[in-house]
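Residue numbers (our numbering), protein chains in the order written: chain G, 1 to 370; chain V, 1 to 370; chain C, 1 to 370; chain R, 1 to 370; chain X, 1 to 370.
Keep in mind that a hint or two might mislead.
[To be verified] To give an idea of the chain X side of the interface with chain R (calculated C-beta under 7 Å), a few residues: (1) Tyr219; (2) Thr220; (3) Leu317; (4) Gly322; (5) Tyr343; (6) Tyr346.
Honestly, the hints are just simulated from the structure, not real lab data.
We put the CB at the ideal spot given by N, CA and C, even for glycine.
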Amino acid sequence: MNIAFRRRKEAGVPPGSLIYTGTTDARETKITVTDYDRDSVSVYSPETAQACVPFLQSPRVSWINVDGLHDTVLLREIGSVFDIHPLVLEDVLNTQQRPRVQVFDDQIYIVLKILHVADDAAAEPLAEIQEEQISILLGRNYVITFQERSGDPFDPIRTRLHAGAGRIRRMGADYLAYTLLDTIVDSFFSLMERFGEHLITLESSVIESPDREQLQAVYTAKRSLIALRRHIWPMREMVNALVRGDASTTETPEIVSDTTVLYLRDVYDHVIQIIDILESYRDMVAALVDLYMSSQSNRMNEVMKVLTIIATIFIPLTFIAGIYGMNFDPDTSPFNMPELQWYWGYPASLAIMAAIAGGMLLFFRKKKWI
Amino acid sequence: MNIAFRRRKEAGVPPGSLIYTGTTDARETKITVTDYDRDSVSVYSPETAQACVPFLQSPRVSWINVDGLHDTVLLREIGSVFDIHPLVLEDVLNTQQRPRVQVFDDQIYIVLKILHVADDAAAEPLAEIQEEQISILLGRNYVITFQERSGDPFDPIRTRLHAGAGRIRRMGADYLAYTLLDTIVDSFFSLMERFGEHLITLESSVIESPDREQLQAVYTAKRSLIALRRHIWPMREMVNALVRGDASTTETPEIVSDTTVLYLRDVYDHVIQIIDILESYRDMVAALVDLYMSSQSNRMNEVMKVLTIIATIFIPLTFIAGIYGMNFDPDTSPFNMPELQWYWGYPASLAIMAAIAGGMLLFFRKKKWI
Amino acid sequence: MNIAFRRRKEAGVPPGSLIYTGTTDARETKITVTDYDRDSVSVYSPETAQACVPFLQSPRVSWINVDGLHDTVLLREIGSVFDIHPLVLEDVLNTQQRPRVQVFDDQIYIVLKILHVADDAAAEPLAEIQEEQISILLGRNYVITFQERSGDPFDPIRTRLHAGAGRIRRMGADYLAYTLLDTIVDSFFSLMERFGEHLITLESSVIESPDREQLQAVYTAKRSLIALRRHIWPMREMVNALVRGDASTTETPEIVSDTTVLYLRDVYDHVIQIIDILESYRDMVAALVDLYMSSQSNRMNEVMKVLTIIATIFIPLTFIAGIYGMNFDPDTSPFNMPELQWYWGYPASLAIMAAIAGGMLLFFRKKKWI
Amino acid sequence: MNIAFRRRKEAGVPPGSLIYTGTTDARETKITVTDYDRDSVSVYSPETAQACVPFLQSPRVSWINVDGLHDTVLLREIGSVFDIHPLVLEDVLNTQQRPRVQVFDDQIYIVLKILHVADDAAAEPLAEIQEEQISILLGRNYVITFQERSGDPFDPIRTRLHAGAGRIRRMGADYLAYTLLDTIVDSFFSLMERFGEHLITLESSVIESPDREQLQAVYTAKRSLIALRRHIWPMREMVNALVRGDASTTETPEIVSDTTVLYLRDVYDHVIQIIDILESYRDMVAALVDLYMSSQSNRMNEVMKVLTIIATIFIPLTFIAGIYGMNFDPDTSPFNMPELQWYWGYPASLAIMAAIAGGMLLFFRKKKWI
Amino acid sequence: MNIAFRRRKEAGVPPGSLIYTGTTDARETKITVTDYDRDSVSVYSPETAQACVPFLQSPRVSWINVDGLHDTVLLREIGSVFDIHPLVLEDVLNTQQRPRVQVFDDQIYIVLKILHVADDAAAEPLAEIQEEQISILLGRNYVITFQERSGDPFDPIRTRLHAGAGRIRRMGADYLAYTLLDTIVDSFFSLMERFGEHLITLESSVIESPDREQLQAVYTAKRSLIALRRHIWPMREMVNALVRGDASTTETPEIVSDTTVLYLRDVYDHVIQIIDILESYRDMVAALVDLYMSSQSNRMNEVMKVLTIIATIFIPLTFIAGIYGMNFDPDTSPFNMPELQWYWGYPASLAIMAAIAGGMLLFFRKKKWI
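The task is simple: from the sequences and hints, build the whole structure.
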């Protein structure tokens, strides 16, 4: 997950220019239309945008899914068929968008990110995350979705559409858009869960052995949270705008029905909850940094104590041994190291040394160092 | 108290699916109905949801308490009897809800957490906390409560209901809902009190002996506060929504009466006070981290000083002893260690050593190290 | 000043229960009535609440002061005479209230804290603070004050009432309530002043000798500020509610006159100023923690430098002395320590030692360590 | 600049009491009246407040400047001539006011601080700052200014008034008040500029030599910013209140004309800019503290490395020298130190020592310590 | 990029004084007029402001670009031709303006900064940044831009104007102003991108070698972000004011059309995104400081461990060697160092030394130091 922003459009380029700025490998752009009402579901794969016109006019709900964003000619064509504002088309292609909602007279444009985690990324959950920009364009009886790659996140929805005449089949395009949003938001819960488990692991390893590796893991977690915030916080504002009814312009009948708003409020609550979790993870990572620092300082203290105990015991003893290793000539004067000729000289010196060492040890015990 | 979020629902599952996500051991779901008015109280234990219909229609206040959430069939039945929105039923079962209130035309749904502390958990008050999700559904003349386990937190209320025709018996279902809320909020005060005592203990032990154990205790306290925030902060918004009258839709007569709003404002003040206390505990734990760090640094300083004093006194002395332990041959030249043959050689060397040690001690005293 | 919250009421007790939760020693409850208008002032000490009824009905302003909160029977009586809401009576007795204002149809209930500092508490200004809860109940022509102890904070007001027909005598009960509030708020300025002086002293002692004692003093100051915040911040909201006119319900003529609102705005400005001072003290204490940490680190550095200088000078010298203290037999081979027999051996070795010491000293001077 | 608050009024003193709380030396109070319109300017120095009555009644704009606040009798007289609210007069004298604006029916009271920096205070720009409280009372055709000392900050305005019939002479009293405000706000820019230069100097000296002196300078800067914030932040609210038109009560024609509001908006922008600068200085000082700490830690590391290199090289060598300084009797057994009699004993031991030293150096180079 | 504020205007100077406060070298002021409509584009370089009058009156859109701000006479002339408010003219020249928008009856004044980065400034991207103040004055059918230097940032727009009858040629002056704003805002993306790359580099070098150089680089980044915030944050408010329609006074037809507001909302989203990026960079730099500190502490720990291991192993050994280097006379008593005459004396002492060293190593391995 990269935190540094990478612009791919030059400043000064006229607004509405269609330039794909994503990183997915070139792949052909594919249109899939799922057309349904209470009674039946049909799936088409039209080759041209023009072939979508009938779906636009039919009263059935049409879900036009566009996989891959390289074919700018096709996209421009789709834009003109569905009467999409040039700025929206530009934003669909520019994959550096901030999650947000934009309301037009009879269309609502929603752009947000979905984060794909590799399933085997247990140890470093955010290292292998890949972000994909999803654009959802909600019209009166159609939803157009633009994905950078072909569509696994929405597979369960396709299954539900085919499964039978459930609520999703009985309600309009706005409910479909809600279902898409709900699925994307739910996928963040799964990310949060993995991240939480990672933090728990990290925590116990920081307590056990606060070394360089743990430091870097904590830092990586911090950095990932900074990047995640950038994706998640704007979603709050986005869903709120939908709920608040910024989406319904006064002149025309509403695109989002009141029933669906109730469901969107549920999505809003989920986004708030994800943000709550994110913020508590942030606090926790900050606490981990403190813990790391204190553990380090604890360790240093321990190292210092060992050094100090050994050094302060033996340095004075070595000094005494040094004294009696001096070569002053005892023959020259009675004051020159008479201890060396004393009968109890050696045992006495050893006793003094032992006494000093013992005193030191008592001092350290009093200081609670040992 | 676990800070990491654990989702138990798969992304893509259709909204309104009933899946219990709690952790309490399987136990049968039990319905208890307390039906009362000013004149009398009766308690029933119906086996089926259908048996609750009469209570719904009578003018008396009915408190339907549901203990245990495993019997999804029964819950679905309750849902259809009381006309509960599918999203609400889903939230009752999903025990990862954020405390919040949701208003429908003639029902108010309140979900929040109650925290159970083991009574013997004096040393580590938040380690053994278990959270339980409580759902309160307030209708015009009934209150339905859903608990994960059977209902000790509400026992005092049951007692008051039976005790006599007090205020609780004279007022409506909204007052009962207020009493439930008030009891839950009050239980947080008790938690805060224990936490406060724990912090006071922790504080004095950090000052006395800032070791690894204290570090971990401070960290645990920090972590617990992060988790607590996630439960307590949303309650402010929740109670405020009730007080503000988001709860009364314009078309229908109000579910929550003005008199009860006055009491709810009292609950709101309590929630604010709990938040105030929580935030000051947060500040205090942050101060404890600083205190720990500074105490550590103090200790390190002390250790270093002892090492430095001993080492800097004895190293020069040992050097001098080393000098006179050299074996230069005095016979070869008059310059080769003539001190060794001097009459006062040994005493003089000892005197020099004493002078150096004394000078060092004076230097340290001047530096205020000793 | 204790930061940990101590609850004294059990959860589940019905609202409106009268239980005194304060800590002042048992003392009888005493009622003092000061009854005045422009022309005269009279003081009574009625034994029963019933005796207060005439004051309630007269057009003169009556200030009913209740000292001591142990006699719950008397308080309940007062409650019924003056028609006080049960929740208010409960709050008067529960001395753990958050400062706030509550508006009823013809009464305004104000609860806040007064902090008593012992006069000789110069060294540790907040250690001996005792908090007392003051409740003010403002009616149309009366003010009831409840104090935990008998009433020194309000003595200057009593004096002004008796002193002559000043503004306080010409104006209504609302102005009396303002005067009480103003006196309490002013007493916080005095606290702030003493705290400020304490910080200045602390600051210079941290700079001079950053030892364990200072650390604890800084920590105590931090802790006291956290506790103070909890008392002072809510006062802002409280006075603002009075100023904003939340206090005047639309149906009835206003309890607080426009003239008094002007004076209350002055109190509001004072509260804001106290909060400003409090926050700058907080910043200052945070700066003191940084200063302490840096000073500690400075000291450690100094200690380390001394150790390093002494050790790195003498360790090499001691090594050289050690070399020439070896006992290799010069007779065995011409390579075995021929230096020992050289004519200039000893002086040369001393010279080499001096050169090494000098080089080290130059190195340290270059490093700016000495 | 003192951060500790110093109250000089006793709690319980009745509101509206006139007590000067400033610190300027006693000096007589002097009134200067500058009376002007488009055609002419005249300056008077009336001895009594009564002498100002004609200016109040004339249609010309009158600027009454009062220097020195010790003569409370004269001030009370001014108060009664110009019909000033007692709380305003009290605030004029109490020099501990928070900058703010207060609107009356036909007067606007503005109180704020001006900060005087000694010109030679380059090294420590905020150490010698003296604050002076300025009160501006704007009436319909007059402005009264109260200064603690005689009026250099307003000299340029006096000059402009005399200089010719510029905009200031053509417009009303509100424009004069704006000009005074603008001048005071501009003087803060000058302070900011000097502070900025000081920070730049401080920054480079912290990088170069992070010693005790720099630490204290950083701390002083931090402390000064805390004090400055207390003066500058409230000005935002103050000027905003003027701009927003809180100043124009609905009943009477406006005191502040729309044209002047446009100019006041400019002052507002300046205050916002000063606050922006202040906040970025705060961030910068916080960064300086980090820098200081890290530099300290860098230094400690460097000191430790030198000690470690020297000690770890020489301690093993000294040990070896110590071995061959032992006095085991070679005659007793062939195992007792046969090395001492070996032909290559001494060179070999020196070689071993050199090898150890070399190995250590390689190890350190690998660790990048040297 | 300089963070310290530098004022260049004296306090007390009358408002509306024209003084250029920028730092660009003196250069003549040059007017370029680009006059266009759907059909044609023409470019003129009039010598005097008077020559611009025809453009003001024609219905075509005129873009009057003024390069260089030294010729205050010419600027005053432009001011009177286009009826510019004196405060605006003053702000155009005072290059220390905070980005903001100011709305007049038929003009909107926008002032902001453009930041020029030298292309070869890869290593230290913000060190060589030069800021230039751009003023945009939008009238009903003209846009006047004031630049400190001649106009490369707007070259792409000029190209688009000439390129053909695109959207820019079909729309009014408000769209031109939008295009200018969009170009400036886009240039900040480019800056963010470079800054992000710099942070990534810095990050890996802090992890690898946390030395003095990296410390200073982190500090410089921090400081640059503080400075950047001051330029970027106010732009949010500025663009928002345009979008919100503060720009359209009620009396007159709107200067900014609804279509252009849609485009401006796009610019607003971009500014929000830049702010998001900026804030996450800030968090990242804060994390880098922590990382640096922890890495330093890690390193210190490592250094200390090496010292402690070597010292604690060899100090006891040296002591033992010192013991047997003492010169107690074995002839005087049987207790005086009999070991020296033992047959296995020397090997035994070596063995004891080896045992001690081994024990120490085991201890260190247990402590996980080696």
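* Asked: Hint numbers the structure violates, sorted upward?
  -> Violated hint (a single one): 2; every other hint is consistent with the structure.
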